[in-house]
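Residue numbers (my numbering), protein chains in the order written: chain A, 1 to 213; chain B, 1 to 326; chain C, 1 to 731.
If you're looking for bench data, these hints aren't it; they were derived computationally from the structure. Certain hints may be false.
[Unchecked claim] In the EDC-like style, the derived pairs of lysine to aspartate or glutamate whose C-alpha atoms are separated by at most 16 Å in a straight line are:
(1) Lys626/C - Asp114/A
(2) Lys269/B - Glu171/B
(3) Lys516/C - Glu583/C
(4) Lys176/A - Glu75/B
(5) Lys144/C - Glu402/C
(6) Lys269/B - Glu296/B
[What the hints assert, rightly or not] Here are some chain B residues pointing at chain A (derived, C-beta under 8 Å):
(7) Phe4
(8) Ser5
(9) Thr30
(10) Gln100
(11) Ser234
Please read these numbers as outputs of a predicted model, since none were measured by experiment. Glycine is no exception: its CB is placed at the ideal position from the N, C-alpha and C atoms.
Below, each chain spelled out in residue letters.
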Amino acid sequence: MSTESVSAVPPPNEPGEPSSAPTRRTFIATTTAVGGVAVAGGVIGGSFLVGSEEAAAAAPPAGRVSLTVNGTRRTVTVDNRTSLLDLLREHFGLTGAKKGCNAGACGACTVLVDGQRHNACLTLAVRLEGAEITTIEGLADGDRLHPLQQAFIDEDAFQCGYCTPGQIMSGVGCVKEGHTGSPEEIREWMSGNICRCGCYVKIVRAVEQSAGK
Amino acid sequence: MHPFSYTRAADTREALDAGRRGGRYIAGGTTLVDLMRETVERPETIVDISGLPLREVRATERGGLRIGALVTMAETAAHPKVRALYPVVSESLELSASAQLRNMATIGGNIMQRTRCTYFRDVTADCNKRQPGSGCAALKGHNRTHAILGTSDACVATHPSDVAVAFAALEATVHLLGPDGERRIAFADFLLRPGSTPHREQALRQGELITAVEIPALPRPLKSGYLKVRDRQSYEFALTSTAVALHVRGGVIREAKAAAGGVGTVPWKLPAVERHLVGERPSAALWAAAAEKAAEGARPLQHNRFKPELLKRTVERQLRVVGGAK
Amino acid sequence: MSPQPQAAVGAPLSRVDGRLKVTGQALYAAEHDVEGVLHAVIVDASIGAGRITSVDTGAAEQHPGVLRVIHHRNAPRLPYRDNLGSNNPEGRRLRVFQDDKVLFHGQPVAVVIGTTLEAAQHGASLVEVRYDAKKPSTDMAEAKPDAPTRYARGDAEAALRTAAVRLDLDYRMARNHHNPMEPHATIARWNGDKLTVWDKTQWVVGTQTELSTVFDLPVESVRVISPFVGGGFGSGLRCWPHTVVAALAARETKRPVKVVLTRRQMYFGTGFRPSYDYRLRLGSDRRGRLTAMVHEMDAETSSYEKFDEAIMRAGQMFYSTPNVSQEYRKVPLDVNTPLYMRGPGFANASFAIESAMDELAHRLGVDPIELRLRNEPAEDESNGLPWSTRRLRECYSVGAREFGWERRNPKPRSTRDGDWLVGTGMAAAVYDPGRFPGQARVRLDADGTAVAEAATSDMGPGTYTAQTQVAADALGLTMRTVTFRLGDSRYPPTPPHGGSMTMTVVGSAVLDACDKVRGQAIKLAVEDEESPLYGVRAEDVVVRGGRLHVQGNPARGETYQRLLTRNRLTHLEAEGAYAGAPEPARHSYFSYGAVFTEVGVDATLGLVRVRRMLGVYDVGRIISPKLADSQALGGMVGGIGQALLEHTVTDHRDGRIVNANLADYLVPVNADIPDLKAIYLEGEDPEADPLKVKGIGEVVQVGVAAAIANAVHHATGRRIRELPITAEALI
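Could you put together the complete structure from these sequences and hints?
Printed below as a string of structure tokens:
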């Protein structure tokens, strides 16, 4: 198991932009370097260190959690209220998992938790001690796409692309669960992922194709 | 979401201690986290019980099946014993929610689900269930998906669970563990009708923990199945649903179990339908006559006047599917 | 110049941005990593109309991580200059936090800014707003409409009185919400007086001008960036209040601020397809030749803006009818303002017209296709113009053949499959694509690669891919060596990415720019003594694979790279333009289609399920067939939603939308969708535009609802004139 390996290099700034605050990426690297201890006066689990103006009030309840995301072990202190989805998107910079409804009604946030497809929006991050999370960013093998990712491109199984990471992660789960016996079965077992562009016919083809591999 | 403290119970005793002090148990979290985000639920302490040893499905000595409270919906549905003995349970689960949610949600949590009533879920609306005494906005509001059975002037919200309908039909028992030890409660007594206290939803005492749901032994062969009627083909709560189980021997129905969902403030057992069936020979006429009893006592609201008729047809259809005899 | 060989255009290519999308690397509005960003959460009015009497922010401000609460009492006054030429409808747009008035349930009344999302969210729930509420008017049936917009030719009422066959039909269509999967979101950052926003929008230029007028900034001081749009269907065609809130909050806190609407806020924070009451009266002779059509249309709008859409157009031009009269009345309600949604106007009008035509066919005992053929107009009878192309007859014949229409027993309730009554139905589709001016810029570098840019968007149809195809062929380059950039207000301006006009407008501008660059290169070569092409007539030179050569003699030529390098040029560059529809119009120009479907209706439970669907389209030339196919199937899915599921429900007691979420506002899921098939008629529309394309995105949803309703009638004998069609209407 590797340790934290997120780059501490901040993204390029516009000329003339203030650059006093570290980015979320540097923050994560910083907290893990000190063992994920909450920074006094800072926002716990927040995306960056904050100045004294914000440090006045007591911090909301938080917890420390070690989890593995796409093979990288991360130890962070998170606000108890933080969902896995917000942890990934707002703190880890992993925006592949999408927020579509934030209520378990669309599937855009689907990731694998210990190998099973889950809705990250309804998962409290603080509960994930020891969990292994796989997101869309961790699916490809280096430059080689996962067969289902390739099938989505080949079948044109998406348009806007926003539900796509959730569809693919759900599809990986669906194949793994063995619910790919017929197009009807795939349709039912992929119904937890809404595609408003209406790419269902091709999503079914892509899942079918990758199940055969 | 309101701030809350979080503890993880290492064992049952720790869980009960925390529960006694007012902690809210969390298992799959699919209802609780959702409602916390809407600020409908504002627990101060959450007690994570997912580490407790309640994850087993096993046959009971009495010939029934005991499903641990922390077995997920997906695991329960796929369990070979559940599939073989009680297809109605597997079907009701697999017609619920989505594959993702079924991987997260547990059996104990499922029967603790709270209503999908839009006014309950919107903290700016009046709701006696959420805020006793504030009134029921649904009664004269938009109530297409609301209950027609077991309602009161205080509340017309449906219980949303599908598997609870199967449990109600099969006359399951809920196993509880509390500060005073274990007890069992009939499923019919576990979920409470609203009456004048719609905020009281289960017959649970402070700090009590659901440990299992037990389905009793039923005479074999038993045919069973679940039908869910909804606008959308999948990923939607029921407009109407029904769980049916029939034991037919020598061409005569010896035992009949039936309940309905989407129509009641609690999963709605259909004793009149059951009585009408027992001792009779399967026939299309019998199914129709029995189903006629399904909506007895229904009190439809402005937007769900179609539900009594739809319920009868749902039951008739499923009796035919399970019992044969077209 | 010689026409260029077409290698990329028309080829079934995969999306050029596919890899970014399947790996999670495509960045949508809320995902840009803007340093030091704060989170803002909007507080919505919990009354439907009235005034705010007090705002208590004490508890919110006490919450750790909450930095600021802004509301009408402490917000600075904003200039809100008029914004002409925007998509803002006539009226006075909502001005955030500028006064105490509440115009609709859910209106933004405050914003909480925090250092974390959790803090801002909780802070928002702690803001206590008190109101002086009054009962809102949200029920179209009880509200007073505005004076109608009218159209008339002939004397429709008189013709109706004497018609041999008369139908008088009332249609009701529910309000629909776009519900793109990506919630609307904005990140705003100020640098002095310059504002940059990362926004979900279908029109970066529109958001730019709106923000410049709201804050009274020079337009060039506002930059809008939107490289990926997670669906839109129209919801991103104007700049909404939350975008102003983000910019305001950023200015007040002097930090970048991110606002992401919740799914619930999407229902009142962005627009919707208004609900319609549509009375249609038809008169025909015994053979089904229409003699009169009278359309009376009432549609929702807000109390503060008059939303207007093309609901009248189809009734004026689609069928040959000597006598037509129309009244379109907007009904102002205490709701937020509607906005164009996929197939705007036409998707509603066609439900009424195409359902009514099916009724007429049934009444007369004429096949529905035959009835349509009998009423096929020779020209646009509303303006006397010839059609550019109108290949509906082919749509019908190809569709009928592919679908197996001739096997259809016209008698309703004639087919059963177990518990399911099976029926088939068809409907025609039409849409009037926009043709507004737009621009593009192309740069060909000395390394033989090119970059084309336009301030357009790609909400899913595949703008990145299709524009790359156009540019690649026009420059004679491979797909791999051309990059198309969009979604930045610094690029040449384009009209909104909607109304089925992106291919026409942006594509024609890209084509123009590329033709110019290619022309420059050819001129350079034929005048360059050192070029193998020296002395060749420019019109005899073509470019293929980045190599200029004599047409028919590939051996004689050279590469761009060599040509530019030898001439010490780093690049060639040109701006291109599309001038818009010709004035005066010489043709009447529409996209067309015919939709065929088979549905099952559960005989006792009343459930409707689509079993198969086929669409055949006349939309001119197809640039990107693989993507066009997806777009058509997506339009059918949208139409299935409109027909069977989608319905925004308002509680008229207080104006609350009761199903403002994706569990209760139903859109189709995978299991609702059977195999769908789309066929595009081969060919092009030479009159349409330089690319000879007509738009696709809208027409593919038009007609679907009527085809389904007609199939439901065929299955059951029941005529349903209200959308969505639900079980209670059929049991």
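**Study point:** Hints violated by the structure (numbers, ascending)
**Key:** Per hint list: 1, 3 and 5 violated.
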